[in-house]
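Novice: All chains, please: the whole structure from these sequences, using the hints.
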Amino acid sequence: MSAQVPKARKITCIGFDWRAEVSLKETLALLRGKTREAWQYSDELTADVVVYETHNVLAQAMVRRSAAENTGRVFFPSSSEDDSVLTLRYPFGASRLVACLDSASLQLQGRVPATEQAEAPSLCQRLDDALRAPGTLAVSIRAGDQQGWLRLPERELHWSQPLGVDEIAGLLSGEVEVEALGPTEGAALRRLEAAARHPAPAEGLLWAIGIARSKGSLLPRLDIARPCRLRRWPDFGAIGRRSLDIRCASLLTQRELAPSHLAMMAGIPLGVLGNFLNACALVGVLEPGKALPAAAPAPQAHALPQESGLGSVLRRIRTALAIGQ
Amino acid sequence: MREYKLLFAGPMGAGKTTAIAAISDAAPVRTEAVNSDRVQHSKELTTVGFDYGEIALDGGDRLRLYGMPGQDRFDFMWKVASEGALGVVLLSDNSRPEPLKDLALYVESFRAMAERGAMVIGIGRLGSGHTSVESYTAWLAGQGLSLPVFTVDVRRRDDVLLLLDALLYQIEAARLLADTPHA
Numbered sequence: 001m002s003a004q005v006p007k008a009r010k011i012t013c014i015g016f017d018w019r020a021e022v023s024l025k026e027t028l029a030l031l032r033g034k035t036r037e038a039w040q041y042s043d044e045l046t047a048d049v050v051v052y053e054t055h056n057v058l059a060q061a062m063v064r065r066s067a068a069e070n071t072g073r074v075f076f077p078s079s080s081e082d083d084s085v086l087t088l089r090y091p092f093g094a095s096r097l098v099a100c101l102d103s104a105s106l107q108l109q110g111r112v113p114a115t116e117q118a119e120a121p122s123l124c125q126r127l128d129d130a131l132r133a134p135g136t137l138a139v140s141i142r143a144g145d146q147q148g149w150l151r152l153p154e155r156e157l158h159w160s161q162p163l164g165v166d167e168i169a170g171l172l173s174g175e176v177e178v179e180a181l182g183p184t185e186g187a188a189l190r191r192l193e194a195a196a197r198h199p200a201p202a203e204g205l206l207w208a209i210g211i212a213r214s215k216g217s218l219l220p221r222l223d224i225a226r227p228c229r230l231r232r233w234p235d236f237g238a239i240g241r242r243s244l245d246i247r248c249a250s251l252l253t254q255r256e257l258a259p260s261h262l263a264m265m266a267g268i269p270l271g272v273l274g275n276f277l278n279a280c281a282l283v284g285v286l287e288p289g290k291a292l293p294a295a296a297p298a299p300q301a302h303a304l305p306q307e308s309g310l311g312s313v314l315r316r317i318r319t320a321l322a323i324g325q
Numbered sequence: 326m327r328e329y330k331l332l333f334a335g336p337m338g339a340g341k342t343t344a345i346a347a348i349s350d351a352a353p354v355r356t357e358a359v360n361s362d363r364v365q366h367s368k369e370l371t372t373v374g375f376d377y378g379e380i381a382l383d384g385g386d387r388l389r390l391y392g393m394p395g396q397d398r399f400d401f402m403w404k405v406a407s408e409g410a411l412g413v414v415l416l417s418d419n420s421r422p423e424p425l426k427d428l429a430l431y432v433e434s435f436r437a438m439a440e441r442g443a444m445v446i447g448i449g450r451l452g453s454g455h456t457s458v459e460s461y462t463a464w465l466a467g468q469g470l471s472l473p474v475f476t477v478d479v480r481r482r483d484d485v486l487l488l489l490d491a492l493l494y495q496i497e498a499a500r501l502l503a504d505t506p507h508a
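As given, the protein sequences belong to chains L and X, one line each in that order.
Each residue of the first sequence is one higher than the one before, starting from 1 at the first, in the working numbering.
Each residue of the second sequence is one higher than the one before, starting from 326 at the first, in the working numbering.
Treat the hints as calculated values from the structure; they're not laboratory data.
Be a bit skeptical, because a hint or two may be false.
[Unchecked claim] One-sided and incomplete, this derived list gives chain L residues near chain X with beta-carbon spacing under 10 Å:
#, residue
1, R65
2, F75
3, C248
4, A249
5, G311
[Claimed, not checked] Lysine-lysine pairs mimicking DSBU-like chemistry, simulated, CA-CA at most 35 Å apart:
#, chain 1, residue 1, chain 2, residue 2
6, X, K426, L, K25
7, X, K426, X, K330
8, X, K426, L, K290
9, L, K7, L, K34
10, L, K10, L, K34
11, L, K7, L, K25
[What the hints assert, rightly or not] Taking CB as the label site, the calculated pair distances span:
#, chain 1, residue 1, chain 2, residue 2, range
12, X, A503, L, L31, 37 to 43 Å
13, L, E175, X, V354, 56 to 62 Å
14, L, R32, X, D478, 41 to 47 Å
15, X, G385, L, S160, 55 to 61 Å
16, X, E423, L, L31, 29 to 35 Å
17, X, D383, L, T54, 58 to 64 Å
18, X, F401, L, P153, 41 to 47 Å
Positions of the beta carbon are idealized from the N, C-alpha and C atoms, including for glycine.
Specialist: This is the structure in structure tokens:
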């Protein structure tokens, strides 16, 4: 009987530019065999260890959220006023990184890797369920003492005080109550209309919830084998961009594809792709394809073609502009 | 040395010259003259030939960036410039009276690139007009096109990079899908 090989722990970084991500991947490769446990880089926000830029809003929200949920995830900030806190700053030094990873191993001891944890439905799933519940006219959203609501079908967001998307996303990093309101809750609807009058951009908020509050799981209503497509592009000018989201949007607006097929073509793990698809579903731009799931060709391991002449030109343009690496 | 080209098109005052200046290796060559068409736009100078910038690529090749003159009396130049271009960035000025009519003119002029997905649309001054992003995408859908449409401020380099990032992925996706059988 062969010995079971322990799974590698996962580490990711948030809030740094792409150079930091590349540096972390390369340094991890160099440190193979030099740490207590095996480590691999992951794009998933649910990784066991998160290195974050202290001033990044999304990272701050994740830290607060993780503390509230007691996920056991380990966070290393890029800086801290407290000298006793282990920090990890780009460029990542090898000895510092080893110290942080070994410290994280001790903290994570006895805990199963993040991807194996059984978790309650994500905020993304609860919100999606509420938005799709039959007869829903509006969805009430409560975070602490702040109240908001989404009017359907327009998906107009109103909040109890004037706030931008980043501020609302910060509020929603903690515990959030979501409730679907139908025709029989007329009184509750009128109270909401009176209490939350300030309009706020909804697409950016829904997108942020899909990306950051999906717990790495594809919404149950989305099937990895069922083709889907985008009926329009999300407005990345308003909601902020990640290159992998743009890459996926390009493919899914040009052809309907099953998520499993898309993951192969885009070279993106399904766990990461799931956040993108969930965000598209919440925003309302994802629609089922016409092809039957059974007709979809099985993804092939060699789906990414060899670089062509045009591919080389595009890659060199990206390098020159330092985008989408 | 090989040369590749990208086009920037859109009505007068949409920000083509500004967008090229934001990403060009050197200050772009500008061919501006006193604007004699104050009905179209009130700015004093306007582009009468191509604006031109360039970006050096690995291996000694060059990416040339051409800003098309905005006035439609120069549309013969748009067709000449389109030959062999990788793609086109269309900039819309939402404060103009009929931005969707502008869009129609430019999409039609660069139709071949639009149909192969090598087009991206950046909407400037969104809040100064009454046409929503959804109206742009709905108009495109009516034309059978699903192209990236983003709200941008081309004075910000990052916004110009967003447009180029999307354009490059559009071109790459079209190539990838051409090699992949339909489900």
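Novice: Just pull the numbers of the violated hints for me, sorted ascending.
Specialist: 1, 2, 6, 16, 17
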